[in-house]
Amino acid sequence: MTDHRPLRGPATDKAARRTGAVRISGLSKRYAMGGKAMTVLDDINLSIRPGEFVSIVGPSGCGKSTLLRLIVGLDTDYDGEIRLDDTRVAGTGLERGLVFQDHRLFPWMTVAKNVEVALLNQKLPRDRRERVISEHLALVGLSDFGDAYPHQLSGGMAQRAAIARALANEPKVLALDEPLGALDALTRVKVQAELQRIWMEAGTTMIMVTHDVDEALFLGDRVVVMSPRPGRIARIVDVDLPHPRDRASPLLHRLKDEILAELTREPREDDGTLVTFPGRPRG
Amino acid sequence: MKRLASFALALAFPALVLGWWEWESRQGLGHAYAFAPLEQIARSFLEMLADGRLALHAGASLQRALTALLIGGTIGIVAGVATGLSRVLDRTASPLITVMRQVPILGWLPLVALWFGNGDGAKLLLVSLSAFYPTVLNTQKGMQAIEQRYAEVGRLYGFTRSQSLRMIAWPSALPLIFTGISQALAFAWIATIGVELLFSASAGLGTEMMAAQVAARTDIVLVCVACVGVMGFTLNQLFALLRTRLLRWQPATAK
Ligand SMILES: Nc1ncnc2c1ncn2[C@@H]1O[C@H](COP(=O)(O)OP(=O)(O)OP(=O)(O)O)[C@@H](O)[C@H]1O
Ligand SMILES: [Mg+2]
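Going down the list, the sequences are from chains A and B. In this text, residue positions in the first sequence follow our numbering: the first is 1, and each later residue adds one. In this text, residue positions in the second sequence follow our numbering: the first is 284, and each later residue adds one.
By construction, these hints were calculated from the structure, which means they are not laboratory data. Glycine included, every Cβ here is placed at the ideal spot set by N, Cα and C.
Ranges between beta-carbon positions, derived for each pair:
(1) B:R374 - A:A185: 48 to 56 Å
(2) B:Q427 - A:D77: 20 to 28 Å
(3) B:Q427 - A:D184: 37 to 45 Å
For reference, chain B alone in the conformation it holds in the complex (with noise of 0.2 Å):
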């Protein structure tokens, strides 16, 4: 009964926005062109869905953001790890790193345009660094916070430093590593509808989504932009039970 009343209550705000939406969209032709009408929005879904214009573009953008965050993630790791052990490292790579995040994905869009094109190796370079970031701060942040009372568990049983690499640091920055992975998801997906809007040239979900302005559809640039949330939405919740699964060991209250 109380699951029933939230889940009313989640719907009920939605509801109202479409409730305006639709009012809105039957205020004259001007308005209809910004608002398109709801029935025609689901008219236009129901149309991309069948000849799979949906199905491709989504399926482009899905692909260009999870191998990007494939690549951009384990260089992260792998980054992170090394500066989280090496104090040499750590110095050498970290200010850099720390200077470069301060430019936005989308700031590096003029160079990466003039070196690489507009082509899927451009797009994908710019994603991957949008996942990166965060993957190689939260690493190194987990490998340098060592329990010390852990490690003296270690020290206590005569743990070479590779075991305690494998069972002490790297178990105990999961956690944390985790948490810059889902970070990486988040960025990654934003920053791929961002490149495929600014480098329209193949599949995306945002080159449909400019063309679809520029042929001024309203109601398919809203059916993009809601497949975009859904489906953001859904890599999100569909890695935090991947996460629950394999870090089954936290307490329920560390989660």
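For reference, chain A alone in the conformation it holds in the complex (with noise of 0.2 Å):
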């Protein structure tokens, strides 16, 4: 756990990386629904290299975020197996970080501290810690209200908080569920591209979930599209464009096109979106 890269280091070569890797097999999940079984997840197979951007859509309640759950092991619950390095994954761990579908910032702490919270049980010394925050902050561009409290920022800002205290602790895989669904167009776009140069610099594997085609290309080396009910991985597209990338690539535009067309191609009569289940906090 007393991983001291430096932040702001030169980049990682990525192909010398060989810690980071997760591989999924078999994977399904089951929830209990009055009184009968429901299967969210059946059979997900899905091998993702060390340093890998995966993007992952697919309808809402495709279980999308179930699967990032099971990822980072905040449920164990589940069938088949889940792998990080070889290690089968049996709870959460500082190796694995998770940006919420929403933002989760103790409203009771400030900013800064809540950036802390991802270091509390790393080694780091007072003043390199400090440092980590202030890198971080200024990493999402919050470098302002480090002592503001949650209820205080946008949504936007909230999120970008959010980001933050998941990337402070360096964890190797990071799964981020919608993480900048909050955000206006404009930030986004700049969010998506400091997120790249995060990944490129640091070599974390990354699992976005995102409901915006574009950005999954973007961002992602593959396009995981799933489909609803159970929950199935239908498609893996290859984008095959190295980063940094342009968006205006007609591979990416030919990318969209087909992905659209797969997200769109069986019309379900009962759509699943509209369901909702009260109580149920998303994400």
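Each of the two chains sits in its own frame; use the hints to bring them together as a complex.
Set out below in structure tokens:
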């Protein structure tokens, strides 16, 4: 847990990084609902290379958040297998991080203290800890808001603070659940570029759920397209373009059309996206 | 302008009552006894202020209420945290507390008088008990209602049990704990005057009220009543300020 990689150091040679591989095989997840079991994820198989950026898209309710929760170990009740570098996932760990769909900053702590939460169980000397916090606040453009409380931030700012918190302890694998969903279009494009830069520098394996196909393609080495009820992988699209990418690339546009076609392939008469479960927090 | 209007409105009703009072007091001698003329009340007030009697009794009551709040509130918070965190303790202690709470504070009076006499210790015990209930119940409720969403963040960052307690359970319970303390403050103040009225031994506004009633000094009774009301109100307002200051992380709508 005492990984002292320099934060703004030279780009890590991704090929040389051998840790941060995620292997998911035969993964199924059922929830008991009103006495009967409901299959949310069915036979998911996915192998993610160390340092890879995988985007996940799919209709609402197809189990994307569930999948991320399983990967980070918040939920350990599943069939099949999830391995991080050959160790079976059996709970949470500092080497796996998650940016929640809702920001989940502690309302009783300032933004800086919230970022510090991620470093509490890292053995860092005090001054270095302070530096990591201020560097990460700067990274997401919140340098002036370290002393603000979450309720004093806009939705987008809170989400950026949550990203700073997740990045601060430099996990090997970072899962992101629609991290930019609350951002306005302009900030969104900016943070996407930031995220890409951070990812390229840190070499973290990233798995990001998004509803935005452009975003999925701009950032992902691969885009996993899921289909609902039960949640399955419908298709995996390789985005064979080097980073950093040009948004105007014709390849991205062609792939976007393909993915959109996939997502709207079979018309579903009872659209599950309209079903909501009162009382269950999103994410 | 709007503030001025609402201020005038707030004063209108008391002014009306005072007018009616003064009118009653002029309806003959019998009336003047029950409704001491305003002028006489004012005179007694100034007199009590000048000879330090008011300060003595008000100070004694205030000290009693705050000491009891400290004792009962502290025990209440500790007990609330303990029963809020431990199922076993909750099962053992909570039913007893719930049953005891059904007995009004003054219902304990005969027993307490029998065991401890009617000295300051007995008074303090009863007032502390009145401060204990709201703190223990609210603290317990607060500790039990930890939001799963935040607990998950703790799990993600490998929080130890003590870290979860200090950084999640305690702060998220704080608003309810403050609600408990502010209720305890109000109850302690009421109970203080109550036990002073019934155990008239040492200084206190309640004791003075009782003595004034026996001496047929309605004017002094009224000065004490007004003093109790104003002090209770002020305590409440001061605590509300403190609460806002300490819970400044809360969005304004939650206050
Ligand atoms: N704790 C739970 N108990 C029962 N069912 C659940 C629970 N959590 C999720 N589900 C169900 O699992 C399915 C997938 O939920 P999940 O949150 O993973 O969807 P999602 O793909 O993230 O959707 P969205 O895009 O709207 O966030 C939903 O049908 C939901 O009803
Ligand atoms: Mg989701």
